[in-house]
Amino acid sequence: MISDPTRSAIDAEIARYPQRRGALLPALHRVQQEHGYVSADAAAELAEIFEIRPIDVLEVVSFYNMFYDRPQPRHHVYVCTNLPCSLRGARTLLRQLEAHVGVKAGEPTADGKLVLGHEECLGACAYAPMLRVDDTYHEDLDSERAKRILDELE
Amino acid sequence: MGLEVPWVTGYLTQHFADEAFIGIEGYERAGGYQALRSALDMAPDALTELVKGSGLQGRGGAGFSTGTKWSFMPKDSEKPKYLVCNADESEPGSFKDRILMERGPHQMLEGILIAAWATGAEKTFVYVRGEYALSAARIERAIAEARERGFLGERICGKEFAHDVVLMRGAGAYICGEETGLLESLEGKKGQPRKKPPFPAQYGAFGMPTTVNNVETFCHVPHIVANGAEWFRGFGTEKSPGTTIFGVSGQVRRPGLYELPLGTPLEQIVFEHAGGPLEGRQVKGVIPGGMSMPILPANLLDVPMANEFLRERKSMLGTGGIMVMDDRTCMVRASCVIAYFFRDESCGQCTQCREGTGWIHKIVERIERGAGSNEDIDILEDITGKMEGQTICAFADAAAWPIQGMLRHFRADFVEHVKQGKCPFSESFEL
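First to last, the sequence lines map onto chains A and B. The first sequence: position 53 = 52 (numbering that gives the first Met the number 0), numbered continuously. The second sequence: position 58 = 57 (numbering that gives the first Met the number 0), numbered continuously.
Calculated from the structure, these hints are not laboratory results. Treat the hints with care, as some may be off.
Computed list of lysine to any residue pairs in SDA-like fashion (alpha-carbon distance at most 25 Å, straight line) [claimed, not checked]:
{"#": "1", "chain 1": "B", "residue 1": "Lys189", "chain 2": "A", "residue 2": "Glu12"}
{"#": "2", "chain 1": "B", "residue 1": "Lys195", "chain 2": "A", "residue 2": "Gly116"}
{"#": "3", "chain 1": "B", "residue 1": "Lys194", "chain 2": "B", "residue 2": "Pro79"}
{"#": "4", "chain 1": "B", "residue 1": "Lys361", "chain 2": "A", "residue 2": "Gly116"}
Here the structure is a predicted model, which is why all the values come from computation and not from measurement.
Just chain A, same shape as in the assembly (with noise of 0.2 Å):
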């Protein structure tokens, strides 16, 4: 399951660190990065590596936003929605893009191409409103842009 390529990567990510365990973030990231989310195996296998419960794995998965148990769609849309963007409209442009993709916040979309949801601080204060595209943020959005910026992924 977990391929041999993302393997060596954590055993790398190991070394780095004084105590093994140190090492289950930075691997879990990996994990997703080759599959896009940690699944049951893989949570099995890595609780192996690091010589743990599968059941240490998955509380940490659960802790973190970040981390996934279930497959994901291809992308992840969040507009920030904490104060300081919705005082700048974030959450007007999140209801406009709900109504563009044709989903609620929070539910993928039918064929799979992305999930929008609303998301706590993203460091981006000054140039709100603004959204994150998985490792991406566009700021300074107009209810225009963003939509063509959802249009626009593949």
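Given chain A, work out where chain B should sit, using these hints.
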């Protein structure tokens, strides 16, 4: 795509418009890594004394003396010692550490190396919040460049000094910005804060003596070493020296970053630097230091932005994230957003916090809907009072204080909702 250069720059940000400053060549051309060379000619204790004498206070929110923190590291320990750079910036309204990492990663690394020499740390873990992909990429590159030039690894600058830096990416949890929550996360666990004592200097990362400093804190250090404590004290107030990077957001004409001396009056930042409220609007209230800090109403904005003055007005500098709300804003609605955030991010470990944040959100939301009573307002006050100082970490206080601030200065907004049985602010932002 990265952050925009600050509107007002100072010693931390003066080269940030220059893309070359991101790389090691540009950084060295601007005088970078000279302070490290000077520091390595000093005895570690003398270096700690220099930073103590400069009066530098941690810029991550708590404002503790950096030199004093360094001096807590045991000197005769057989155990390996570590530094942790807290780059988990997640306080709503704060975005200064992001630009420090995106535009000046070597400045941060140089500060880390100087701190490592002062404290005898063999390794630094830089914990970057998961969402900051560009920051992480720039730091990774800076680490590789520094290693190539001999600023990391064995015999740094030809001295008996070895150090390594490891970057870890978080995965989306506000609580990991709390220093012991961060340490748990670094160890591959849920980021639930530890009981203190023992403090990190005794029992830190992987059980070893550890000093945790914020990104901005490290960035000031090379400048103090290069120019001296007296020079540093030439900025800011007597008790709070130096500059800081204020992040202004919300309903103002020029939101953005401003590097200014501590002690700059809040009204000067909001009205002069950030251009004041939008056309035809008036400022109603300002959160001065990130969302955890109590709001100040328009008539209290003449306060100098330093803890000794902000405390007198029952608020704090926090991370210097300034959120401006104008006269359209419903403060109950704003409280809803604040309360939701803390409810969502509570790690769930302590009852007062786990239950209290949920109660606050439920009650504030009920008042906003127009279904609240006057008794609800009293209960809010009661709950926040009972959360303060009762838990393992300061998160519960951070959840209670902003609501207390709202009730202290904008109780009328809450009362009006109860009286009218609906939200009376038709022009406020959508919830």
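Do the alpha carbons of B/Lys189 and A/Glu12 lie within 25 Å of each other, as the hint requires?
19 Å, holds
Given the hinted pair B/Lys194 and B/Pro79, is their alpha-carbon gap at most 25 Å?
22 Å, holds
Check the hint pairing B/Lys361 with A/Gly116 against an upper bound of 25 Å on the C-alpha distance.
The hint holds at about 22 Å.
Is the straight-line distance between the alpha-carbon of B/Lys195 and that of A/Gly116 25 Å or less?
Judged against 25 Å, a Cα distance of about 36 Å means the pair is violated.
Hint 2 from the list above is the single one not met by this structure.
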